[in-house]
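Protein chains: 2
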Amino acid sequence: MIGIFDSGVGGMTVARAIEQVCPGLPIVYFGDIARTPYGTKSPETIIEYCRKNTDFLISQGARMIVVACNSAAATGAEALRQHHAVPILDVILPATIRAANVSRTGRIGVIGTRATIQSGIYERRLQEVRPESRVFGQPAPLLVPLVEENWLNRRETKMIIRKYLHPLRQKQIDTLVLGCTHYPLLKHLIGPRIGRRVALVDSSLELAGYLNRFLEERPQLREALEQARQPSRFFVSDLTDPVRKLAERIFGRTITLERVDV
Amino acid sequence: MIGIFDSGVGGMTVARAIEQVCPGLPIVYFGDIARTPYGTKSPETIIEYCRKNTDFLISQGARMIVVACNSAAATGAEALRQHHAVPILDVILPATIRAANVSRTGRIGVIGTRATIQSGIYERRLQEVRPESRVFGQPAPLLVPLVEENWLNRRETKMIIRKYLHPLRQKQIDTLVLGCTHYPLLKHLIGPRIGRRVALVDSSLELAGYLNRFLEERPQLREALEQARQPSRFFVSDLTDPVRKLAERIFGRTITLERVDV
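So the protein lines, in turn, are chains Y and L.
Okay, so the first sequence: first residue is 24 according to my numbering, each after it adds one.
Okay, so the second sequence: first residue is 24 according to my numbering, each after it adds one.
Honestly, I wouldn't trust all of these hints.
Identical copies look the same in the list; a pair holds intra-copy or inter-copy alike.
[Stated by the list, open to error] Capping the alpha-carbon separation at 27 Å, the derived lysine-lysine pairs in DSSO-like fashion look like this: (1) Lys-181 <-> Lys-210; (2) Lys-194 <-> Lys-210; (3) Lys-75 <-> Lys-194; (4) Lys-186 <-> Lys-210; (5) Lys-210 <-> Lys-268; (6) Lys-181 <-> Lys-75; (7) Lys-186 <-> Lys-75; (8) Lys-210 <-> Lys-75.
Just so you know, the hints here were simulated from the structure itself, not pulled from any lab data.
Note that this is a predicted model, so its numbers are computed, not measured.
Turn these sequences into a full structure, and let the hints guide you.
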């Protein structure tokens, strides 16, 4: 099985994309709703949560881990790689590769939680793959609660998005990375407000494509992951009605969510 | 010492009010920033956190507990009373007494997190103290992240407050309970938008006054609490810059925050 964890439900956009791009790959998902959000918390706390989540997924049969939360990936993925023997993919690398390839001018914007932007990980990774690029990070912390409230078409949401994007417009970026797994649900508002000529990079979709290519080159790993022959399972550390609704909206079907303490 | 816990920094408005109303009473505070917010989480999870927080405060010398978070008080205070021998006050009772006394028409509004409003606790308690009252609850979940982002005077914040208050205006309430310890920081926006003729009840302030009267009637308990002769201490389960800033704004001075795992 492939283990996926996120601070909450946002990572389900990654799980859904993996389902579509790699059908037949059994998923074990863990959403840490009881301690969500991660993006406002300190690196030490995020790293501790990442370790616990990874241990849980491995105990459930995961042979590979996807860190589906940008805040966790930004601060915790390296610690996990040092600590665990299984392959660990995170949502940040595929998005940076895509952004580096798609940008004409090399002026790339990134929106994300405060933890993600403050970590500077997008800047560092983009400059590794495209050294002359200029990367402009913008924290957009209110977008997560707005998505979780299902305010996906409200005037206030549009105004707040415009406010967050304003500094990036002034920097004349030509590519914008949606550096949080909640943001794909706001793509329809972000696109028109950043401008039609700016390419949007969706970190959830990019991860699924990257994983597919990664497994094509590693048939033995793919076989090990598929070996489980179990149906996918979705665990959460807390369960409320808004969580159920958001999960249903992301998957377009009813998902059985199992509550677990980690 | 008097133990105070909250899901985060909001409860510091309670600690500050207690400092002012009961000077000389040593405080041990715990803010559960690592797992904040509580208001979007399920009753089971909130109760578990309340127990852990209370155990920690007692281990630090607390002889009485104040549940300074409305979401925790709404779902966890009763479980704590059954479980612990120390007196347990919560922010909800003093606010309901005040609202019942101050309202002329008995039409009382309450704003709070989803957990607080869904628990129905304000309705139940208000109807105990004033049976003919009509209570209108309105969840206002985005106000907590807006306060935590320090968006205290933004146009978007004003619009969102107006949207939340609109149904309560239509109910022609004459009293509004601020049923979340973050909301006192938005009083200056809530007042004009609900209307000058509506009395605002601040649950943090009411708790401090209630506690003072409670201890006046129990001189032995007061003595036991003051016995510690220790300075007040403020613990948090996570520590970031916005938390430090918000604490400073609430107290009007620098506060030493000690990080602890609970």
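Each hint, compared with the structure:
no., hint, in the structure
1, Lys-181 <-> Lys-210, "both (11 Å within a copy, 25 Å between copies)"
2, Lys-194 <-> Lys-210, "within (20 Å within a copy, 37 Å between copies)"
3, Lys-75 <-> Lys-194, "neither (39 Å within a copy, 48 Å between copies)"
4, Lys-186 <-> Lys-210, "both (16 Å within a copy, 24 Å between copies)"
5, Lys-210 <-> Lys-268, "within (19 Å within a copy, 32 Å between copies)"
6, Lys-181 <-> Lys-75, "neither (36 Å within a copy, 40 Å between copies)"
7, Lys-186 <-> Lys-75, "neither (36 Å within a copy, 40 Å between copies)"
8, Lys-210 <-> Lys-75, "neither (31 Å within a copy, 40 Å between copies)"
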